[in-house]
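Line by line, the protein sequences are chains A and B. Per the numbering used here, the very first residue in the first sequence carries number 442; after that it's consecutive. Per the numbering used here, the very first residue in the second sequence carries number 5; after that it's consecutive.
No lab work stands behind these hints, which were simulated from the structure alone. Just so you know, not all the hints are guaranteed correct.
[What the hints assert, rightly or not] Stretch-level coverage of chain A by chain B, calculated; a stretch enters the list once three of its residues show a Cβ under 8 Å from a Cβ in chain B:
1) 477-484
2) 536-544
[To be verified] Derived Cβ-Cβ restraints for the label pairs, each shown as a range:
3) A/E528 x B/G62: 34 to 44 Å
4) A/E528 x B/Y55: 31 to 41 Å
5) B/D11 x A/I453: 27 to 37 Å
For every residue, glycine included, the Cβ atom is placed at its ideal position computed from N, Cα and C.
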Amino acid sequence: GAVVSQHPSRVICKSGTSVKIECRSLDFQATTMFWYRQFPKQSLMLMATSNEGSKATYEQGVEKDKFLINHASLTLSTLTVTSAHPEDSSFYICSARSGNEQYFGPGTRLTVT
Amino acid sequence: RKEVEQDPGPFNVPEGATVAFNCTYSNSASQSFFWYRQDCRKEPKLLMSVYSSGNEDGRFTAQLNRASQYISLLIRDSKLSDSATYLCVVNIYSGGGADGLTFGKGTHLIIQP
Chain A
442 GAVVSQHPSR
452 VICKSGTSVK
462 IECRSLDFQA
472 TTMFWYRQFP
482 KQSLMLMATS
492 NEGSKATYEQ
502 GVEKDKFLIN
512 HASLTLSTLT
522 VTSAHPEDSS
532 FYICSARSGN
542 EQYFGPGTRL
552 TVT
Chain B
5 RKEVEQDPGP
15 FNVPEGATVA
25 FNCTYSNSAS
35 QSFFWYRQDC
45 RKEPKLLMSV
55 YSSGNEDGRF
65 TAQLNRASQY
75 ISLLIRDSKL
85 SDSATYLCVV
95 NIYSGGGADG
105 LTFGKGTHLI
115 IQP
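Excised from the complex, chain B in its bound form (with noise of 0.2 Å):
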């Protein structure tokens, strides 16, 4: 079973619409959620971080569920720009050690004139 899952894709959004995605984890001691944004042959790049009240950073909203191990990033009033690839991340610390973060395969969105 594959720590992080998620929808590949690809989504075809209209400019405007609403568009959801959702990740699921499979390690329970998962401590720290991320969506990081990948735009082709490029580095990722941290779009925000989860957590577990939920949380909204202008158009992006994310949350958090721990018992189910789901997080979701819903985007409103799409853009061009933001079509990419969102890559669902998790991190599990051990002892206080900085552990490496967990990807998923990421799901590629493209939104559409």
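Same shape as in the complex, but just chain A (with noise of 0.2 Å):
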């Protein structure tokens, strides 16, 4: 159980174009799922707390309306990077909270050209 998809997988797009990644959990119910991001060898880094049906709350220096997160149901959140630029380029992970324990998706790598 505790199963959390993110798609796609592996993104590559153009400077100024937005990109859009999934967040599911599979087979449980998330109120609330995390965004992350991950540089080359840096940790991970929350980036903001999606909150279903309502606002998202970010980290301080993450531009909410660069960063738009949507959390319509109990099952999906989706990140929306609008604008991207290169140094937008990392992997984003999602996680999904289910008791005590939060569960990552594998993880979408985006890279901006």
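From these two lone chains plus the hints, build me the complex, please.
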């Protein structure tokens, strides 16, 4: 149990375009999901907390107008990177909370050219 | 000061040996503690939670010292498949809300045949 999927697993896009990443909890409902980002050789950094039916809570330094989060159902949260730039290239990972534990999706590797 | 600090390694250990990792955290309000394992270019996977009384899961033993704000992981009889990056993770709850996890940068372990 506690499986989280992400789509796409890998995406390459041009600078200035927008990219949407989906995170789904497959066998449980998650009122709260989290979005993380990991740059090479760095730790995972929490970007935002996604709450079903309400606005996301963003960590300090994360632009909410650039990283749009929608959590429209108990099993789906989406992260849209708007007007992507090369410095947004990173590994984006979502997680969903089940009890006291968090289960991670397989991640989305974004490359902006 | 970083919130969660770990020795990045790498630790090069012969197969069958015992290896120990340590981690310190700065926020005394941290309430939950975990060790995650992350393989190269993959998402983190929960290895074990860490409890105040210490806990063991097969070859893995985790200990927590709240007074010193220190967490450890011991791996006995190491296997080649144990090669990975081990992430020390803490969680701070505030008023029952769901908070994201704070990750250390990880300790890289290489088990050599």
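Results for each hint:
no.: 1; hint: 477-484; result: holds (count 4)
no.: 2; hint: 536-544; result: holds (count 6)
no.: 3; hint: A/E528 x B/G62: 34 to 44 Å; result: holds (42 Å)
no.: 4; hint: A/E528 x B/Y55: 31 to 41 Å; result: holds (40 Å)
no.: 5; hint: B/D11 x A/I453: 27 to 37 Å; result: holds (35 Å)
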